[in-house]
Structure formats: structure tokens, C-alpha cells
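A.B. asks: The primary structure of each chain is shown beneath.
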Amino acid sequence: MATIADDLRPLHHPKSWVGKYVWSQDHKIIAIQYAVTAIGVGIFALVLSFIMRLQLALPGQFQFIQPDNYLQFVTMHGMIMVVYLLTALLLGGFGNYLIPLMIGARDMVFPFVNMLSYWFYLLSVIVLFAGLFVPGGPTGGGWTLYPPQTILEGTPGASWGILMMMASLAIFVVAFTMGGLNYVTTVLQARTKGMTLMRMPCSVWGIFVASIMGLLAFPALFVAAIMTVFDSIAGTSFFVPTIVSMGKTLGHAGGSPILFQHLFWFFGHPEVYIVALPAFGIVSDLISVHARKNLFGYRMMVWAIIIIGALSFFVWAHHMYVSGMNPYFGFFFATSTLIIAIPTAIKVYNWLLTLWRGNIHFHVPMLFAIAFLFTFIHGGLSGLFLGNVSVDVPLSDTFFVIGHFHMVMGVSPVLVIFGAIYHWYPKITGRMWDERLARLHFWITFIGAYAIFLPMHYIGMLGVPRRYYALGETVFIPQSVHYANMGITIAAGIVFAAQALFFYNMIVSLFRGAKADPNPWGAASLEWQTAETPPGHGNWGATLPTVYRWAYDYSVPGAARDFIPQNEAPGGTAEPHPS
Amino acid sequence: MSLFAALTDKPWLSPGLGAEARARPDERPGPWDKGIGLGLFLFVVTMLFVLLTAAYLMRMGAHGGAEAGSGSHGASHWHAVGEPPLLWINTAMLVASSIVFHAALTATRAGPSLASRALLLVGGLLGIAFLAGQIALWRILDDCTHALALGDAACAVRAAAPASAAPVWAANPATAFFYLISGLHGLHILGGLAAWALTGKRVLAGGAGIVRAVQLCARYWDYMLLVWLVMMGLFVST
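Chains as they are written, first to last, in my numbering: chain A, 12 to 590; chain B, 487 to 724.
Derived from the structure by calculation, the hints contain no laboratory data.
Across the chosen pairs, the derived CB separations fall in these ranges: (1) B:G677 x A:R310: 37 to 47 angstroms; (2) B:L499 x A:D528: 25 to 35 angstroms; (3) A:V145 x B:G695: 45 to 55 angstroms; (4) B:G719 x A:F342: 31 to 41 angstroms; (5) B:S488 x A:L349: 30 to 40 angstroms.
Partial list, derived from the structure: chain B residues whose beta carbon lies under 8 angstroms from chain A: (6) L493; (7) W498; (8) L503; (9) W518; (10) V530; (11) A541; (12) M544; (13) R545; (14) P653; (15) A656.
Fair warning: this is a prediction, and the values are worked out from it, not measured in the lab.
Beta carbons are placed, not taken as given, at the ideal position from N, Cα and C, and that holds for glycine.
Chain A extracted, bound-state conformation (with noise of 0.2 angstroms):
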């Protein structure tokens, strides 16, 4: 019999404490390092966002929130909650740690590489931050970063800001190359014997496809930077047309501003569901495991997700509705955003009948799954309203957009995250955290994000256009949305620091949490099924796992437990791993 010991190359066994936790090649600290970092930015872009709510209920009240900062404080946002939040968390983060433990893999295929990708992206977050400090500050041009407004002088960081998200962006792209091309040829070469493609659980599919959508996504975001950057230092006309600026004729002619907005929803709509589907995935896996029921219809659940990435290549334009592209293409674009509802609506349904008559378990992960069933429904049919071009054009660049995109893409996938954490926390710590503390963080949450994006809508079908510093008066806007803005600011006030409940009960947890059952949910899947709690470097011991089964063999008839480990051989029982 094969086992490590025969042959230890695949795996980097580190000496020192720098070579095990720093310079680490394992996937499970890579993972931790990656969601760190990650949710450290998140803070900061959380932080941007509360002061964009001070400055909307209290318009003029901060001399600290000027116009140029207010947008500034936008696109920051914007760009850090999408790219260097979600994006690396979801993927980085849970990519890293669930893949290999999932499938039974000691690592990633490539560790060298993989370790490099979180140093990259760490690198790009270090980009992106130095260009708080540039002159000028950051650019002020929205998260979309249309030229020829970001490159123009008066757009808050038109000449050195502008460079610095760029080079941040492309940075990235390369730190996602590197982690992305590890997931997919990961599970692609690395599962154990007896896991099949279609044993797999949800959480491993969804961000498998999602890796797969961003290896084909985000070199147009790559493409659309260096050419920015282009036009930006060396005066080239790619984007830009020309301009006559206070009576000057600049130096650009004849460039295409549409062909950006191409570029970038090219990436821009896949990355929606790069983070959409990994939160898929995990749901179904949440909604599951504590249903105590098999995910129903798991093969449709697999081949939306499939089916979901593809159609998400061909609905970009419907995010240019009003951009001047030929009105044809929204005939199409409209037409392929409403065809992608069918798989989606697949999913959400599919998620419902698991919940059907199961042995529901409100525990606080699935109470986060349950509520992502709500905000997501919700995002998801103001999502319908916005695909339609008759409906868009009016709405806009309003707030409605807002609500709707923080709905669906914003709140969604966080509360998934947090649902997530709260699962995996105890495999990934062997602690559990404080039950109380956690319902509580989950109801404020829950209530508070519906508090802070439900008024949007409304205040956005009054006309109220996004990332106005202030309204002043003006004759369309009521009273009424002032108010509204004061209770949005108050209830994201409460959200806000409701958040530090979370953080106290993660990290008090850490130190004082009670030790863990190595598999406290009974889940089937096998990362629960490790001989230690936390996995130990090579995750299996001496011998890699063999599956006999799905994940997801929940509550079956005749069988002594509710559930069967996917390591469990047909009629027997799962033996340990001896460590």
C-alpha cells in the first residue's frame, strides 16, 4: 500500500515557525492567512461605508467628508467589498481551506504556487493602500472606473490614484491566476479514491466553477487596467475620445469609452457570480447538514451552477443599458439576464424543498443559510426589475440599484460567509464559539441589513441618484428620503457595531471556547472526518481517505446514525484515520 511515508515530495514540511506560519505552504494556513487579510480590508471598506452614511444623513455636518473624499470613499468601498473582500475570501480563503480537505487531498497540487498567490495579493492590497497616501489620493471615479472621467483632472485621483487601483487590479489578477489554476487542477487531479466529480459536495463545485470563471473573467479586468494605465501615462487613445477641456484640446483622439465598459462587465458581471456561486455551494451544504436531509435534486443543484457560470459570460451588457451601445444588444442582453432566473430560480427552489419537512436544526450557521434565502430572493427579483431595459433606463444609477446589488452580490454572500465560519469554525480552531453572542450578532445582522437596503429601494424609485455627496433641494426629492437617510444611517450605526460582537466571540473563542467535537454538526462530508481537530499538516495521517458515498446522506432509513461519512464503506462503519 502507497502511503505518504513512501513518498513525501508533494508536500513542503516546513522547520521553523516563520517556514510553518509565514512563509507557510500549506493550504489550511494560506486559507487563514488569505481570510485575514481579507476581512481585515473588509473592515476598512466597512469603516468608508459608515462614513458615506454620516455624510447622507448628515450632509455637511464632517469637515473630514469634502466631495473629492466622499468619492473616494466610494470607490474604495466599492472596489475592496467586491474584489478584495469576496472575491479573496470566498476563493483564498474557503477555496483554500475546503478543497483539499474536501476531497480528500493532502494540499493544493501546486503549494510553491499557491503560497505565492496569497503574497500577491497581499502585495495588491499594499498597492492599494499606498494609494491612500499618493498625491492626490485615490481615485474618486466609482468602483467601475469609467474613462475617460477617472484619467481626467477634476475626478479626485486622476493622475496617481487611478495608477494605483490599476496596478492593484492587475496585481491581483495575477495573485488569482496563481491561487485559481491551483483550485481547478486541484480538484480536478487531486481527489482521493472513490471521489467522484459528481461526490463531491456543493461548496467544492461552487467554487470550482467560480475559480474556472475567473481564469476566463479576469484578464479582461487585466486588459481594461493596462490599457487605462496606457492612456493614463503614455497618452495612447484606447478609451479616450477627444476632449476639449476649459477651451484646451487634450491629447487623445478617437478612443472608445464603450469598449472599457465592455472590458470591464466582461469581468465585472462573471465576478458576480464568482462570488455568488462559492456562497452557493456552501448554503446547500449549511442547508443540508442541519435540514438533516440529503440536498435535493443535487445533480440539477451541480449542473445550475455549471450552467449558471456559462450563461454569466453572455449578460454583461445589461450593466450598459444606458451607455449608448446599439439598442439592439439590450434586446439580447435582456433577454439572456432573464434566461440565467431559470437555473437560479432551480437552486433557490431546490434549497427550499431540502429545508421541506426536514429535522431542521436552528443552529446559528443555518439560521445565517436561512437568511441568505431571503435577502437572496429579494436581490434577486429587484435583479428582474433592473434586467429589463424599459425598467432600467429610468432606474438607473439610482439608489434602487443600490439596494438591489447589496442585497443580492453585498449581503447574501456575507451572510453566507459568516454562516460559513460559524460551521467551519470549530473544525478550523477545534473550538466552539459562544452560542449567545452569536444569535445575537446573527438578528441584528439579519434585520439590520434589511433596516439599511430596503428603504434604498424606495428613496431609489423616488429618483434618488448613488453616489451624490449631498441632495441640497431639490424639487423631486421629499422630506420623506432625509428621514429615510437618518434611519438608514442609525440602523447601519447598529450593524456596524454589532460586527464587534462577531470579531470578540471569534477571537475570545480562540483562547477560551470550549474544545470542539471533531465533528459537532454530524455533517457527512469529509473534512469532519479528519483523525485530528484541526487537521494536522497533511490532513490524513499515513493514509489518504477512501469515499464510498455522497456527502450527503442525511437521516437514512435503517442506518444507526443520521448520517453516513462519506468514508464509510457500504454496510460497515467509518473507521478513524490512525494518526
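With the hints as your guide, set chain B onto chain A.
C.D. replies: For chain B alone, kept in the frame of chain A given last:
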């Protein structure tokens, strides 16, 4: 098992081990083969250059059609790069490099020898020569004294817009695209040279897996050649 069969499997019906899994060892000895990883990377590279091609064509077609006979595309300020002789020489160098890499692979398969090492060395050197040629080509395209050789295209826009502070190559979007695309391609060649250096080190050290390393090196080189031929086709045909 075909992909279709794999994806239509009903995993809840059949606990146990399939014949394929039973035949597998409990753990495959490492290190992992890099073929799939390289394939995926080339997939990313393809995406990058497909997007650049799309951007090239969209930018070229922006603001109306071509003005007959002039090679200029109306308000898009587009002037085709033309076919400087160095373009063909560089391409020939990359083709030669790819052929030599294949010869090196054949020789390595026959067993480690001086010839196989020499061929590997020459293949990489030709890659370096290609890069040097490309840099020379960039200098030519940025220099209006060579305008005659280039059919006066490179400097036409620059001359028409004396107010522009942009360098010659940047004023004409066709040339700017040439710089962008050939620059990114050059960076990939540079990355390939790093892999080539590592492969060379492995070949000199000897041991298992040399043939596969040279094979993957040659595969990457072939692909970069293919990308370049397509890109060059784009430049000379538009």
C-alpha cells in the same frame, strides 16, 4: 468515464467503489504532473489575447468605417502598422525557436546527451533573440526617421496632432495596440524563458521527469508561437 457520464451519475444510488476506483492505488506518488496546470494557464493566456483581439477590432471599427484607399479609419485615427521587415525576421526566429525545442525534445527522449542540452540552449537563445528583435522593432516604430520604411503610417497621426504630448507610437492606436499586444506577448516569452532556465537546471542535474519537463517547455513555446502568429495575422491583415 466520459465527462457526460460523470456528470449524469446519480451518486445517491450507488455507494461503494466503482471498478475504476478499485483499480487505483490508495495514494498516487507525487510530485503532481504539471500538464493540466500548464493547459489551464494556456487557457487563461488564450482568454487574454482573445480579449485583446476583440478590443483591437472594436477600437479599429470605432467611429465609422475606413476611408477608402488610405488605410485610415476615419475619426478613430487608425493607421495600420504595415509590415516592417523586422516583423518577419522576428517571427522567423520564434518559429525556429519552436522547431529547435522540438528537436531538443526528440533528443532528450533518446537519452540525455550533449546534443539534447545544446539544442535546449539554442532554443532558449532564439527566444532571447526574438525578444531583442521585438525591442528593436519598438524602437523603429517610435522613430519618425523610419517613417519611409513603414509607409509613412506611424507618423501620420503624430504629425496631424502636433499639440499632443504623446510619443509617436501612442498617437496611432494601431501602433499602440502593437506595443500593448507584443509587449504582453513578450512578457509571456520572458516567463517562458524563466521556465526554460529552470528546465535547463533540471536537465543538467539529471534524474527523472526530464523528458516531461522539456516536453512542457516545448508545448508552451509552441503555444506562444501560435499566439504570435495569430496576433501577427491580425496586424498585417488590418
